[in-house]
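Student: Here is how the chains run, residue by residue.
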Amino acid sequence: MFKELAKGLSITLKHLLPGNTTTVQYPKERLEIAPRFRGLHRLVPTQDREKCVACYLCPTVCPAKCITVESAENEKGEKYPRVYEIDLLRCIFCGYCVEACPVEAIEMTSAYELANFKREDFAFDKERLLKSQEGAA
Amino acid sequence: MTPEVLTLSNTPLLYTAAMLVKVVVAFVVTLLIVAYATWAERKIIGRMQTRCGPTMTGYKGLLQPIADGLKLFFKEDIIPAQAHWFAFIIAPMMILAPAFISISVIPFGSDYQFTYDGILYSVPLQVTDLNIGVLFIMAMAGLGVYGIVLGGLASNNKYSLIGGIRSTAQMVSYELAAGLSIIAIFMLSETLSLRGIVSAQQLPLWGLEFLPSWVHNWYIFTQPLAFGLFFISSIAEINRTPFDLPEAETELVSGFCTEYSSMKYALFFMGEYANMITISAIGATLFLGGWDGPFFSWMNFLFKVFAFMFVFIWIRATFPRLRYDQLMFLGWKIMLPLALANVVLTGFAVLLWQ
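One line per chain: the protein sequences are B and A, in this order.
Counting in the numbering used here, the first sequence runs from 1 upward without gaps.
Counting in the numbering used here, the second sequence runs from 138 upward without gaps.
Honestly, I wouldn't trust all of these hints.
Here are the simulated DSS-like cross-link-like pairs (lysine-lysine), alpha carbons at most 25 angstroms apart as the crow flies [as the list claims (entries may be wrong)]:
| # | chain 1 | residue 1 | chain 2 | residue 2 |
| --- | --- | --- | --- | --- |
| 1 | B | K118 | B | K65 |
| 2 | B | K51 | B | K3 |
| 3 | B | K3 | B | K76 |
| 4 | A | K208 | A | K197 |
| 5 | B | K14 | A | K197 |
| 6 | A | K197 | B | K28 |
| 7 | B | K3 | A | K470 |
| 8 | B | K65 | B | K126 |
| 9 | B | K65 | B | K76 |
Restraint-style ranges between C-beta atoms, simulated for each label pair [to be verified]:
| # | chain 1 | residue 1 | chain 2 | residue 2 | range |
| --- | --- | --- | --- | --- | --- |
| 10 | A | Q186 | B | P102 | 46 to 52 angstroms |
| 11 | B | G95 | A | A306 | 43 to 49 angstroms |
| 12 | A | D254 | B | T21 | 55 to 61 angstroms |
Rather than coming from a laboratory, the hints here were simulated on the basis of the structure.
Please read these numbers as outputs of a predicted model, since none were measured by experiment.
A virtual CB, placed ideally from N, CA and C, is assigned to each residue, including glycine.
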């Protein structure tokens, strides 16, 4: 019994030595994010508009049913999403929308600080999704 | 020229002044240690569990105890409607007062000598030297239980009541082992005065005259078993982990102080740390030679107290809480017989060698 007690005490004493803390002082320091981290979605733009062709594959594959797409045709006769909205409160960040997309029009950034004050602020429409940046909400 | 000891009848003014200074210094230093013991505990336990502890308030979180105190001071003071208000108010005071009173009989340094009006005076660095000092400390330790029991009873809350009941059983049974282990000490010192016990520990080790003069007869060397028993039972008496059953925040919410808030809760908290300091001081005095050592006398004493407190904190960071039946088993079936055996053994040793 005494051996085990001494062993426990030696472990805690070892941890007391400097350089053993594993705490990351969060707002000041941040952990490095994995390259394939699934954060806030971003609609990829081309020269004049979003890449998305409104094929409805992403709302179909979405397990949380959080994507709303309404397609329309522009003056050149191309299909584009008139409405593209992601309800972030329902989204589970599975990344299936990214995998499903045939034209690589949606991707996921590393932004993870997505807290907000109002319920409405979590509905990300097309304009906001086009503007979302790496690392910032 | 031998220094004259200050007495109330010969030098009343000087005596009163010296007494007041001693009381104020002992009180303020204890309060300061109480405040910063909380900081040290959080910091050390944090580090031992690979966390940081307080870092934000002041340099390395050094202002944290002050911020905590201010916060608790300005919080709403709730007395539950079903509580017995008088007992509820008096309970936190009853736990804090005995802890501070015990400090008064502990010698925290050798005699301080000074000249006044051409006469050399000497002041013992001890608030008062009771000839029954050890008994007094045991009595005060016994009083400490009432605060917890009363707090638990007066709150009219089941968790508090269970905490209070646990503490009664725990503290009463461990007081026996602590008391019996101390008996072995004053069988050797042949005095109950703490001053006498400290001076008895300055004799050569085991009475061997050929040892170098700095090797002193600290009772930890003559009574190692008593020291171990005293140490464990004193942890139980001040309700610290692994014997913190009265509080047991994982099972009893917060035990006896569940219903307490604001400054009353702070008093319980201070009482816990003051008890820790008192027990550390008693342990240092009885077993580690009091203020005896290589530095200034009060420095040696503080160093020993801090060492004790570090071990208490270290143990808290390491061990989980005992189950209630294990606690009782340890107290009555292991500690008590060992303490009794130690007393008998010491008796034989005293008979044989003296």
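Student: Look at each hint and say if it fits the structure.
Tutor: Now the hints, each set against the structure:
1. Between K118 (chain B) and K65 (chain B), the direct Cα distance comes to roughly 21 angstroms. Compliance with the 25 angstroms bound is thereby established for this hinted pair.
2. This hinted pair does not check out: K51 (chain B) and K3 (chain B) have alpha carbons roughly 67 angstroms apart, beyond 25 angstroms.
3. A hinted pair counts as satisfied when its Cα atoms are at most 25 angstroms apart, and K3 (chain B) with K76 (chain B) does not qualify at roughly 81 angstroms.
4. About 19 angstroms separates the Cα atoms of K208 (chain A) and K197 (chain A), which keeps this hinted pair within 25 angstroms; it holds.
5. Distance check on the hinted pair: K14 (chain B) and K197 (chain A) sit about 21 angstroms apart at the alpha-carbon level, within 25 angstroms; holds.
6. For the proposed pair K197 (chain A) and K28 (chain B), the alpha carbon gap of about 15 angstroms is at most 25 angstroms, so the pair holds.
7. Annotation: proposed proximity of K3 (chain B) to K470 (chain A) holds, straight-line Cα distance about 21 angstroms (limit 25 angstroms).
8. Straight-line distance between C-alpha atoms of K65 (chain B) and K126 (chain B) comes to about 17 angstroms, which keeps the hinted pair within the 25 angstroms bound.
9. Simply put, K65 (chain B) and K76 (chain B) have alpha-carbon atoms about 31 angstroms apart, too far for the 25 angstroms limit, and the pair is violated.
10. For the pair Q186 (chain A) and P102 (chain B), the beta carbons lie near 50 angstroms from each other, so the given range of 46 to 52 angstroms is met.
11. For G95 (chain B) and A306 (chain A), the hinted distance range of 43 to 49 angstroms is not satisfied, since their beta carbons lie about 58 angstroms from each other.
12. At roughly 58 angstroms, the beta carbons of D254 (chain A) and T21 (chain B) sit within the given window of 55 to 61 angstroms.
Checked against the numbered hints given earlier, this structure breaks hints 2, 3, 9, 11; the rest are met.
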